Amino acid sequence: MKSYLIAGASALLLVATAITAPAQVKPTDPQIAHIAYSAGVIDIETAKLALSKSTNDQVKEFAQSMVDDHQAVNEQALALVEKLGVTPEDNATSQALVTAADAKRAELGKLDGSAFDTAYVANEVAYHKQVNEALEALLIPSAQDAELKALLETGLKLFQGHQQHAEHVAAELK
Amino acid sequence: MNAPHLNRRHLLISGGAALIIRETPARAHNGAVHVTIEDLVFLPAEIEVRTGETIEWVNKDRMAHTATVKGGWEVMIPAGKTATRVAEAGDSVDYYCRFHPNMKGRITIVA
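For the record, the sequence lines run as chains A and B. Those letters in the first sequence? Residues 1 to 174, by full-length UniProt numbering. Those letters in the second sequence? Residues 1 to 111, by full-length UniProt numbering.
Bound conformation, chain A alone (with noise of 0.2 Å):
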């Protein structure tokens, strides 16, 4: 339980470095692009672990809705990049976005039942916050081109939603 926690804690910091590291240097459009795609997709593959293994009808109800909501939205992205002629760019950021959530899914992957159901939607209130906090700080003022930016801002309104379901589920679950 104990190296649980400090593995959560680790990962957790991870993604805050991750995300608050690059501050110092703004990222481009196609790295914006490709870090709020990359964000979707960890997102529904966590969520897709959590329809596999859990039997909590309220987690299972977040879970499906996280699959469904970020791809649609990572569709309206794939659509808008399409559109500006804009290639995604890898970046460290998205890097290590998806490095910390290949370890969180491990780690989550190792527990089950009350435990899972738990962890996972702890994970799921300080990954939306980790990424909200990223959109208001960083993605969101960096972004130059107005419909990449209009949907930076639909993303976040959508992100803040989810982290205070997410919040909601946890209540219910204690």
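Hints listed in this document are in silico derivations from the structure and should not be mistaken for laboratory results. Some hints here could point you the wrong way.
[To be verified] Keeping only pairs whose Cα atoms sit at most 30 Å apart, straight-line, the calculated DSSO-like set for lysine-lysine is:
{"no.": "1", "chain 1": "A", "residue 1": "K174", "chain 2": "A", "residue 2": "K129"}
{"no.": "2", "chain 1": "A", "residue 1": "K48", "chain 2": "A", "residue 2": "K174"}
{"no.": "3", "chain 1": "A", "residue 1": "K53", "chain 2": "A", "residue 2": "K129"}
{"no.": "4", "chain 1": "A", "residue 1": "K157", "chain 2": "A", "residue 2": "K83"}
{"no.": "5", "chain 1": "A", "residue 1": "K149", "chain 2": "B", "residue 2": "K70"}
{"no.": "6", "chain 1": "A", "residue 1": "K48", "chain 2": "B", "residue 2": "K81"}
{"no.": "7", "chain 1": "B", "residue 1": "K70", "chain 2": "A", "residue 2": "K48"}
{"no.": "8", "chain 1": "A", "residue 1": "K157", "chain 2": "B", "residue 2": "K70"}
{"no.": "9", "chain 1": "A", "residue 1": "K48", "chain 2": "B", "residue 2": "K60"}
{"no.": "10", "chain 1": "B", "residue 1": "K81", "chain 2": "B", "residue 2": "K104"}
{"no.": "11", "chain 1": "B", "residue 1": "K60", "chain 2": "B", "residue 2": "K104"}
{"no.": "12", "chain 1": "A", "residue 1": "K157", "chain 2": "B", "residue 2": "K104"}
{"no.": "13", "chain 1": "A", "residue 1": "K149", "chain 2": "B", "residue 2": "K104"}
{"no.": "14", "chain 1": "B", "residue 1": "K60", "chain 2": "A", "residue 2": "K174"}
{"no.": "15", "chain 1": "A", "residue 1": "K149", "chain 2": "B", "residue 2": "K60"}
{"no.": "16", "chain 1": "A", "residue 1": "K53", "chain 2": "A", "residue 2": "K174"}
{"no.": "17", "chain 1": "B", "residue 1": "K60", "chain 2": "A", "residue 2": "K110"}
{"no.": "18", "chain 1": "A", "residue 1": "K110", "chain 2": "B", "residue 2": "K70"}
{"no.": "19", "chain 1": "B", "residue 1": "K104", "chain 2": "A", "residue 2": "K48"}
{"no.": "20", "chain 1": "B", "residue 1": "K104", "chain 2": "A", "residue 2": "K26"}
{"no.": "21", "chain 1": "B", "residue 1": "K70", "chain 2": "A", "residue 2": "K83"}
{"no.": "22", "chain 1": "A", "residue 1": "K83", "chain 2": "A", "residue 2": "K174"}
{"no.": "23", "chain 1": "B", "residue 1": "K81", "chain 2": "A", "residue 2": "K157"}
{"no.": "24", "chain 1": "A", "residue 1": "K26", "chain 2": "A", "residue 2": "K149"}
{"no.": "25", "chain 1": "B", "residue 1": "K104", "chain 2": "A", "residue 2": "K129"}
{"no.": "26", "chain 1": "B", "residue 1": "K60", "chain 2": "A", "residue 2": "K83"}
{"no.": "27", "chain 1": "A", "residue 1": "K174", "chain 2": "A", "residue 2": "K60"}
{"no.": "28", "chain 1": "A", "residue 1": "K110", "chain 2": "B", "residue 2": "K81"}
{"no.": "29", "chain 1": "B", "residue 1": "K70", "chain 2": "A", "residue 2": "K53"}
{"no.": "30", "chain 1": "B", "residue 1": "K60", "chain 2": "A", "residue 2": "K129"}
{"no.": "31", "chain 1": "B", "residue 1": "K104", "chain 2": "A", "residue 2": "K174"}
{"no.": "32", "chain 1": "B", "residue 1": "K81", "chain 2": "B", "residue 2": "K60"}
{"no.": "33", "chain 1": "B", "residue 1": "K70", "chain 2": "B", "residue 2": "K81"}
{"no.": "34", "chain 1": "A", "residue 1": "K60", "chain 2": "B", "residue 2": "K104"}
{"no.": "35", "chain 1": "B", "residue 1": "K70", "chain 2": "A", "residue 2": "K174"}
[What the hints assert, rightly or not] Some chain B residues flagged as far from chain A (calculated, every beta-carbon gap over 10 Å):
{"no.": "36", "residue": "V69"}
{"no.": "37", "residue": "T82"}
{"no.": "38", "residue": "S92"}
{"no.": "39", "residue": "H100"}
{"no.": "40", "residue": "V110"}
Quick caveat, the model's predicted, so the values are computed rather than measured. Using N, Cα and C, we set each Cβ at its ideal position, and we do this for glycine too.
Position chain B against the provided structure of chain A, taking the given hints into account.
Frame of chain A, contents of chain B only:
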């Protein structure tokens, strides 16, 4: 000499129509009150309805939403679809979307 008279009458009619529109902003011809959902916002956020009238949520987003009253009823509003509820006497309520609780609305029952 008839022309000014007609004009005045038109003016009165159009004035009356404008007044009706202003008094009932969210009301459609069929008596249903529409709430549009776009970009994670209920529009208008606050509506006034009479008991027995239909509230219709039109979801223009690509994601599912709900109209949920804490400890009360819930209406599921799938992506790109509409959903309805017939207003009841006790429906002066605050509601929110359970999937995105930052989306909030209010219904007031009027006589």
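Go through the numbered hints given earlier and state which of them the structure violates, listing their numbers in rising order.
5, 14, 17, 18, 20, 21, 22, 28, 39
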